[in-house]
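J.: Listed here are the chains, written in short residue letters.
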Amino acid sequence: KQEVTQIPAALSVPEGENLVLNCSFTDSAIYNLQWFRQDPGKGLTSLLLIQSSQREQTSGRLNASLDKSSGRSTLYIAASQPGDSATYLCALSGGYNKLIFGAGTRLAVHP
Amino acid sequence: NAGVTQTPKFQVLKTGQSMTLQCAQDMNHNSMYWYRQDPGMGLRLIYYSASEGTTDKGEVPNGYNVSRLNKREFSLRLESAAPSQTSVYFCASSTGRGSYNEQFFGPGTRLTVL
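Line order of the protein sequences matches chains E and P. Each residue of the first sequence is one higher than the one before, counting from 67 in the numbering used here. Each residue of the second sequence is one higher than the one before, counting from 12 in the numbering used here.
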């Protein structure tokens with residue numbers, strides 16, 4: 067059974083730092099991996115999707131990588147800002163695009 | 012273009028009451044999903060509909076039923092609510108085709124069962 071783990075569970079950093087959020091999974095047979103952002107009391111916003119044949123995707127200050135052989139994905143946030151404060155979730159897609167989620171990393175960026 | 016909409020936003024039920032959560036998408040997506048999110052946990056799949064006319068169980072289907080009313084709408088029903096069903100419920104949709112199959116989420120329904 068696929069299991070998804072996100073480390074750390076919480077992170078507090080000063081503004082301007084470069085960050086790495088980690089996501090590990092136990093079964094490398096995946097279709098794609100999505101990173102989401104969730105603000106308190108809100109729904110999920112898709113940040114990046116990496117197909118199983120890809121190794122990374124970039125959007126602005128965000129870069130996500132995928133290494134299926136080691137069962138790992140990382141989300142890199144450059145030059146963090148207070149507006150980046152949120153919970154970041156990674157999710158793997160198996161058959162029929164059923165997503166399996168990690169528990170998330172709660173990020174706080176303070177001025 | 013509203014994306015994925017959910018009603019209601021909040022609901023309080025007593026144990027044993029029933030209710031239906033509504034979800035609609037305007038992106039012409041084939042696949043739709045219902046997830047629940049409990050504190051400190053990621054989302055877990057309750058039911059999904061790969062295409063209009065089909066529904067299948069996810070990881071935590073017990074106590075729920077679904078209806079894919081048409082291509083746009085996918086409802087989730089709690090027949091006899093229990094306190095363990097207190098959660099935030101999210102609906103999502105995707106094209107359902109290929110490996111570039113991004114899911115889009117609604118704003119959620121916050122349900123409390125007393």
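Note that these hints are calculated values from the structure, not bench results. Honestly, I wouldn't trust all of these hints.
[To be verified] Between beta-carbon pairs, the in silico distance windows are:
| # | chain 1 | residue 1 | chain 2 | residue 2 | range |
| --- | --- | --- | --- | --- | --- |
| 1 | E | A95 | P | R121 | 40 to 48 Å |
| 2 | P | K25 | E | H176 | 37 to 45 Å |
| 3 | E | P106 | P | S95 | 40 to 48 Å |
| 4 | P | T16 | E | G160 | 36 to 44 Å |
| 5 | P | M38 | E | S94 | 38 to 46 Å |
| 6 | P | P72 | E | R127 | 35 to 43 Å |
| 7 | E | V79 | P | G74 | 16 to 24 Å |
[To be verified] These stretches of chain E come out as covered by chain P in the derived footprint (C-beta under 8 Å, 3 or more residues):
| # | region |
| --- | --- |
| 8 | 82-90 |
| 9 | 128-134 |
| 10 | 140-147 |
| 11 | 165-176 |
Note that CB positions come from ideal geometry on N, CA and C, so glycine has one too.
J.: Taking the hints in turn, state whether each one holds.
T.: Against the structure, the hints:
no., hint, result
1, A95(E) <-> R121(P): 40 to 48 Å, "34 Å, violated"
2, K25(P) <-> H176(E): 37 to 45 Å, "42 Å, holds"
3, P106(E) <-> S95(P): 40 to 48 Å, "23 Å, violated"
4, T16(P) <-> G160(E): 36 to 44 Å, "27 Å, violated"
5, M38(P) <-> S94(E): 38 to 46 Å, "30 Å, violated"
6, P72(P) <-> R127(E): 35 to 43 Å, "39 Å, holds"
7, V79(E) <-> G74(P): 16 to 24 Å, "40 Å, violated"
8, 82-90, "violated (count 0)"
9, 128-134, "violated (count 0)"
10, 140-147, "violated (count 0)"
11, 165-176, "holds (count 6)"
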